[in-house]
Amino acid sequence: MFPLHRIIKTFLRTAFVVMAFYMQPIAADCPREGLLSAASTYIKAQTSGKIDGLTLSTTNFTYQENNKVLNIKQGVLSQPLKIDLNRSTADTVACASYTMIISSTGSKPYVLSTQIHHPGNDTSAITLIDTIAATTGSLFFNAAQTLNYIKQENWSPLTGQRANRTELRRIGDAYMDMWTDPKAADSIPWGTQCERVEGSRLTKPCGASLPRGGSAKPNSLRRYVVDETIGSVDVLCEFSALGTMPDSHEIRVEDGLVKYVHTVTV
9 MFPLHRIIKT FLRTAFVVMA FYMQPIAADC PREGLLSAAS TYIKAQTSGK
59 IDGLTLSTTN FTYQENNKVL NIKQGVLSQP LKIDLNRSTA DTVACASYTM
109 IISSTGSKPY VLSTQIHHPG NDTSAITLID TIAATTGSLF FNAAQTLNYI
159 KQENWSPLTG QRANRTELRR IGDAYMDMWT DPKAADSIPW GTQCERVEGS
209 RLTKPCGASL PRGGSAKPNS LRRYVVDETI GSVDVLCEFS ALGTMPDSHE
259 IRVEDGLVKY VHTVTV
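If you count the sequence shown from 1, position 93 lands on 101 in this note's numbering, and the numbers rise without skipping.
Incorrect hints may appear among the rest.
What the hints assert, rightly or not - SDA-like, lysine to any residue: derived pairs with alpha carbons at most 25 Å apart: (1) 225 - 246; (2) 52 - 127; (3) 52 - 90; (4) 191 - 168; (5) 52 - 72.
Said to hold, decoys possible - Restraint ranges, calculated between C-beta atoms of paired labels, are given here: (6) 210 - 61: 31 to 37 Å; (7) 220 - 127: 36 to 42 Å; (8) 86 - 216: 36 to 42 Å; (9) 44 - 228: 41 to 47 Å; (10) 223 - 82: 31 to 37 Å.
Source of the hints: derived by calculation from the structure; they are not laboratory data. Yeah, the Cβ is synthetic: ideal placement off N, Cα and C, and Gly gets one too.
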């Protein structure tokens, strides 16, 4: 038999390890309010063309526009825009937000799709502003027509069935996979009232005229913002299936079915 003092010592050591495990701080999600507040600050900066109000990380900040790293003072964020519509979603797990901006009546029209990322769960600092900036000459671009379609949509928080984070991301990936996977389109739960706005082109219902494979190159460089409260997923990517086009695809799911799809492609 083991001496009693060894048994007690082993028990105490085990108890200490167990207690230490359960006493570890649990990583909390980012506050939704903080994410949306940072997005609001970004919208103000884009309105003024001044970045002074943005709390950019002093040690680890990147500005990316159309999939290329750029000096923030040389990008679209340095241009004041008259904003006709803006809308933001928040990903409390990834500590990121997504903002759509439509400027159709200024000197140069734009439709912007921007993800803002924060370090850890700290929304007081911004480590990445990642923008797809479409303007005259971009695929199917007509900011006024896009505005006309999107301002009629309802993006209020969901009150009915909500898809979980895993399902939203799966739907987003399945949509991006349609150009390489002939079975991807049928794996998406299309709603009968779904509307798809691609640049300035409207397709109703969403499930009509879908790609079913044919490309050898999958759409790459995917970055996600998933918002279970709104039922949305935004995917920024390189549209590799058709070239190297910077692209954003945003999808909203209501009661388990796809309701809206927005694409912004440069």
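Okay, the hints, checked on the actual structure:
For the given pair, residue 225 sits about 11 Å from residue 246 by alpha-carbon distance, which is consistent with the 25 Å threshold. Pair hint residue 52 plus residue 127 holds up; C-alpha atoms about 21 Å apart against a cutoff of 25 Å. A distance of roughly 11 Å separates the Cα atoms of residue 52 and residue 90; the hinted pair therefore holds under the 25 Å criterion. Distance check on the hinted pair: residue 191 and residue 168 sit about 29 Å apart at the alpha-carbon level, beyond 25 Å; violated.
Among the hinted pairs, residue 52 with residue 72 is consistent with the structure: their alpha-carbon atoms are about 19 Å apart, no more than 25 Å. Distance hint check: the CB atoms of residue 210 and residue 61 are about 35 Å apart, consistent with the given range 31 to 37 Å. Taking the beta carbon of each, residue 220 and residue 127 are about 41 Å apart, inside 36 to 42 Å as hinted. Residue 86 and residue 216 have their C-beta atoms about 40 Å apart, which keeps the hinted 36 to 42 Å range intact.
Remark: the range hint 41 to 47 Å for residue 44 to residue 228 is contradicted by a beta-carbon distance near 29 Å. One distance hint, 31 to 37 Å for the beta-carbon pair residue 223 and residue 82, holds here, with the actual separation near 33 Å.
The earlier numbered hints that this structure contradicts are 4 and 9.
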